[in-house]
Amino acid sequence: MLATRVLSLVGKRAISTSVCVRAHESVVKSEDFSLPTYVDWRDYPLPDVAHVKHLSASQKALREKEKESWSSLPTDEKVELYHIKFGESFAEMNRGSNEWKTVVGSAILFICFTALIIMWQKSYVYGPLPETFDKQWVAMETKRMVDMKVNPIQRLASKWDYEKSGSGSGVEEVRDAALCLRLTLSPPCNSMPIY
Amino acid sequence: LTNTNITNAQDMETIRTLLPAIILVLIALPSLRILYSTDEINNPSFTIKSIGHQWYWTYQYTDYGGLIFNSYMLPPLFLNPGDLRLLEVDNLVVLPVEAPVRVMITSQDVLHSWTIPTLGLKMGAVPGHLNQTTFNAMRLGVYYGQCSEICGANHSFMPIVAELIP
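Residue numbers (this note's numbering), protein chains in the order written: chain W, 1 to 195; chain H, 1 to 166.
So here's chain W without its partners, still in its complex pose (with noise of 0.2 Å):
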């Protein structure tokens, strides 16, 4: 409202909203992507505005130096010129960062953090495993199951020998040779549980 007063002799018409921003410098108003703005985006090379829009009289001076022959401007300068236009550098905009330490040190935190949730159920809140997870029972129950000959064609049953075993041994050898059958299959084939 003030610039509209202070720029009225120019003329009302002459004003318009975006004056209005870019006169205050991001003061409320329509400050969103509706206006061109400066990033330092490396698949986005040239801006839609300068970096620097008010430029000091030794910018403004340098500005003038550039109209000249530019082999007679020194490096320093050039990079003064180079960030009136631009805020970063590609080198500098690109540059890696150690955030990844943070992420991937935050992750396994949680996953531990998880780990020991897990663990403590398994202590204090979990009832004991039913009987029929102790190694006697699974051990007979194995030797019904290849008595019945569970899984004929794959796994179980498949891999016993039915003449070699059985003729012989006792009933106990026998029962264990079926756990040690049953635990060579992988989880969760083997219907054992894993912790």
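Rather than coming from a laboratory, the hints here were simulated on the basis of the structure.
Be careful, since some hints might not be right.
What the hints assert, rightly or not - Within a straight-line C-alpha distance of at most 35 Å, the following computed DSBU-like cross-link-like pairs (lysine-lysine) qualify:
#1 H:Lys122 <-> W:Lys159
#2 W:Lys164 <-> W:Lys135
#3 W:Lys149 <-> H:Lys122
#4 W:Lys78 <-> W:Lys53
#5 W:Lys149 <-> H:Lys49
Unchecked claim - From the derived model, a few chain W residues whose C-beta atoms are all more than 12 Å from chain H:
#6 Ala57
#7 Glu64
#8 Phe110
#9 Tyr126
#10 Lys149
#11 Leu183
Virtual Cβ for every residue (Gly too), placed ideally from N, Cα, C.
Based on these hints, arrange chain H on the given structure of chain W.
Okay, now just chain H, sitting in the frame of chain W:
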């Protein structure tokens, strides 16, 4: 969309719509016939009825007399050493081997599903509806299955055990 190179090809468009449609119909009709022919029941020599309840099965042998019994899962405390937990039942279904058997399946209350994977059987038990499945088992043995349609709290605890005898 107004380029003349991509407009006004009605003849070709008609052919390329009708021809695939005709081909698909020619594929579909025999396919449907085959699909229904796999359901054909060929003179079963034995029929039982299986009725699902919450949460047990009732079996009826009505071919030769009227044998009816319930089949409940054995709780872990009642298992003999070496039994399979959650799979053993008190009364199992005894069926003949090397004979076509028909199983009529229905339910008394909610949806269940009578399943024995090793015999390739799965049929829904729908209340008020009678489903049928047949099989012809070639191997003796005890076959286990579990209810395969969610039916309440003890859905996991109503197994099916079939013993096939000569």
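Cross-check of the supplied hints:
no. : hint                  : in the structure
1   : H:Lys122 <-> W:Lys159 : 28 Å, holds
2   : W:Lys164 <-> W:Lys135 : 23 Å, holds
3   : W:Lys149 <-> H:Lys122 : 22 Å, holds
4   : W:Lys78 <-> W:Lys53   : 18 Å, holds
5   : W:Lys149 <-> H:Lys49  : 27 Å, holds
6   : Ala57                 : 59 Å, holds
7   : Glu64                 : 54 Å, holds
8   : Phe110                : 32 Å, holds
9   : Tyr126                : 16 Å, holds
10  : Lys149                : 7 Å, violated
11  : Leu183                : 17 Å, holds
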